[in-house]
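Colleague: Chain by chain, the residues:
There are 2 protein chains.
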Amino acid sequence: MRSVVLLSGGLDSTTAAAMARADGREIFALTVSYGQRHGGEVEAARRVAAWLGVARHVEVATDLRAIGGSALTAEIAVPKGGVAPGIPVTYVPARNTLFLAYALALAEVSCADEIVIGVNALDYSGYPDCRPEFIAAFEALARVATKAGVEGRAVRIHAPLLKMTKAEIIRVGLRLGVDYSMTHSCYDPVVTADVVMIPGKGGLPGAIKQIACGRCDACRLRRKGFNEAGACDPIHYAAP
Amino acid sequence: MRSVVLLSGGLDSTTAAAMARADGREIFALTVSYGQRHGGEVEAARRVAAWLGVARHVEVATDLRAIGGSALTAEIAVPKGGVAPGIPVTYVPARNTLFLAYALALAEVSCADEIVIGVNALDYSGYPDCRPEFIAAFEALARVATKAGVEGRAVRIHAPLLKMTKAEIIRVGLRLGVDYSMTHSCYDPVVTADVVMIPGKGGLPGAIKQIACGRCDACRLRRKGFNEAGACDPIHYAAP
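Protein chains in written order, with our numbering: chain Y, 1 to 240; chain L, 1001 to 1240.
Do not take every clue at face value.
[As the list claims (entries may be wrong)] These stretches of chain L come out as covered by chain Y in the derived footprint (C-beta under 8 Å, 3 or more residues):
#1 1048-1061
#2 1064-1070
#3 1083-1097
#4 1165-1171
#5 1206-1219
[Claimed, not checked] Some residues of chain Y that are not near chain L, with every Cβ distance over 10 Å (derived):
#6 Glu59
#7 Val60
#8 Ala61
#9 Thr62
#10 Asp63
#11 Ala66
#12 Gly69
#13 Pro85
#14 Ala94
#15 Ala145
#16 Lys147
#17 Met197
#18 Ala207
#19 Pro234
These aren't lab readings, by the way, just hints derived from the structure by calculation.
Where a beta carbon is used, it is the ideal one built from N, C-alpha and C, also for glycine.
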């Protein structure tokens, strides 16, 4: 059986994809680049898709900067002070509705009976479209939105991480052999360059790299998760 | 009060937008170009937005050709034999779900309380995402999908044409002063060029134009509508 897996290249979607593979599902990975601040996500998604050995990796581009309204798609600063109550400015309006709409299209075209989305409603940023009632409402929509739905071939919206803590997610991923150095979580990575030492000339800038900031909500939730899981996070952070 | 109006540049969305304007709504028009075969739609949407005098016209680009599965987004021929029963190959999987997802994002960012979509379930092509149950399911989704929904500011999905015949739609539009020569309906326009006569040199090709084919479902439904409304369709057709 075939699953369309929304793969952002982050820790959650990578783990959800690894779980689908462990369940014996054939995977069509779908990555939506939407003009987000943290462009490193798409490269991470490609690394993960290659590692998973997916049957197909579809990349769709759009540009939510035309709509804006979020720290990830507009000139709004990413908060670095710690996870606060309420819905933060990194919330991208209707993003998961949009992602699931693309996934629904791909599921219909590829006769998949399941869409996997790595949303999580425990160690999360308070986004409304990561909650169980959102997933249930989209599944109800899918039943009436498509030709497949009308013909009785319903698509299940499967959110395997929904009620797991970040530590539980990481433990499951490690058990499935996920190498988390492939993944990218940071909302606002620090762009830096390797320094190449040339004898007699000193240091010259080498390859450009993106390093996780260590202070945004995504970094904080990830670090806390590894800490609670008693595991080492293999990526590097700009802030200690 | 502000409405986000999905404006494709076709007859239906133009009429729905004119109705919203007549209701005294401020209009934020939203046009999604998705790699469709009939690219003339976007230019039509710009003409209509200018004529309406919308407060803002947002254009978002994506490319559903990466997903395919429709005569409008893949190398599948557009049927020309007449409107047949069932869901035709011009159906674009999950297109209206995607359009409404973008509209939901814009509505949230711009504090609009209504999304207007010109779907029609009578003189239509049998698309599943043009039916009342689809509109109701998306409205239920919107209540749980966004920050605005969580905070109790629900967005209404208004489909004023849902139960109107094409002739009724055209009559309403004409009464509101819509000039339908601005609009584009054809799924598979014929690309042609003006001929410029140069004295002593004969005819040379001039400006490129797109002319409605006259035979696809969209052309047939439009022509039937004008016919039943007892009105003249101001656009030209390649086929008589």
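Colleague: Would you mind marking each hint as holding or not holding in the structure?
Modeller: Here is how each hint holds up against the structure:
Beta-carbon proximity to chain Y at under 8 Å applies to 4 residues in the region 1048-1061 of chain L; the threshold of 3 is reached and the given coverage holds. With 5 residues having a Cβ less than 8 Å from any Cβ of chain Y, the region 1064-1070 of chain L passes the three-residue criterion, so the hint holds. Counting residues of the region 1083-1097 of chain L whose beta-carbon sits less than 8 Å from any beta-carbon of chain Y gives 8, enough to reach three: the coverage restraint holds. Counting residues of the region 1165-1171 of chain L whose CB lies closer than 8 Å to any CB of chain Y gives 0, which falls below the minimum of 3, so the coverage claim is violated.
Look at the region 1206-1219 of chain L against chain Y: 0 of its residues bring a Cβ nearer than 8 Å to a Cβ of that chain, fewer than three, so the hint is violated. Interface exclusion of Glu59(Y) from chain L breaks down, the closest Cβ pair being 7 Å apart, not more than 10 Å. The beta carbon of Val60(Y) is not kept farther than 10 Å from every beta carbon of chain L, the shortest such distance being approximately 5 Å. A beta-carbon of chain L comes within 10 Å of the beta-carbon of Ala61(Y); the shortest separation is about 6 Å.
The beta carbon of Thr62(Y) is not kept farther than 10 Å from every beta carbon of chain L, the shortest such distance being approximately 4 Å. At the 10 Å boundary, the C-beta of Asp63(Y) falls inside the reach of chain L, the nearest C-beta of that chain being 6 Å off. Distance check for Ala66(Y) against chain L: the nearest CB is about 5 Å away, which does not clear 10 Å, and the non-interface claim fails. Its closest Cβ contact with chain L, about 3 Å, brings Gly69(Y) to no more than 10 Å, contrary to its assignment away from the interface.
Under the 10 Å C-beta cut-off, the non-interface status given to Pro85(Y) relative to chain L holds; the minimum distance is some 13 Å. Taking the minimum C-beta to C-beta distance to chain L, about 4 Å, the non-interface status of Ala94(Y) is violated against the 10 Å cut. Not every CB of chain L lies more than 10 Å from the CB of Ala145(Y), the least distance being 5 Å, so the non-interface label is violated. Taking the minimum C-beta to C-beta distance to chain L, about 5 Å, the non-interface status of Lys147(Y) is violated against the 10 Å cut.
Taking the minimum C-beta to C-beta distance to chain L, about 43 Å, the non-interface status of Met197(Y) holds against the 10 Å cut. Annotated as non-interface, Ala207(Y) keeps its C-beta farther than 10 Å from every C-beta of chain L; the closest such distance is 29 Å. Chain L leaves Pro234(Y) outside its interface by the beta-carbon criterion, the shortest separation being 31 Å against a cut-off of 10 Å.
Hint check: violations occur at hints 4, 5, 6, 7, 8, 9, 10, 11, 12, 14, 15, 16; the rest are consistent with the structure.
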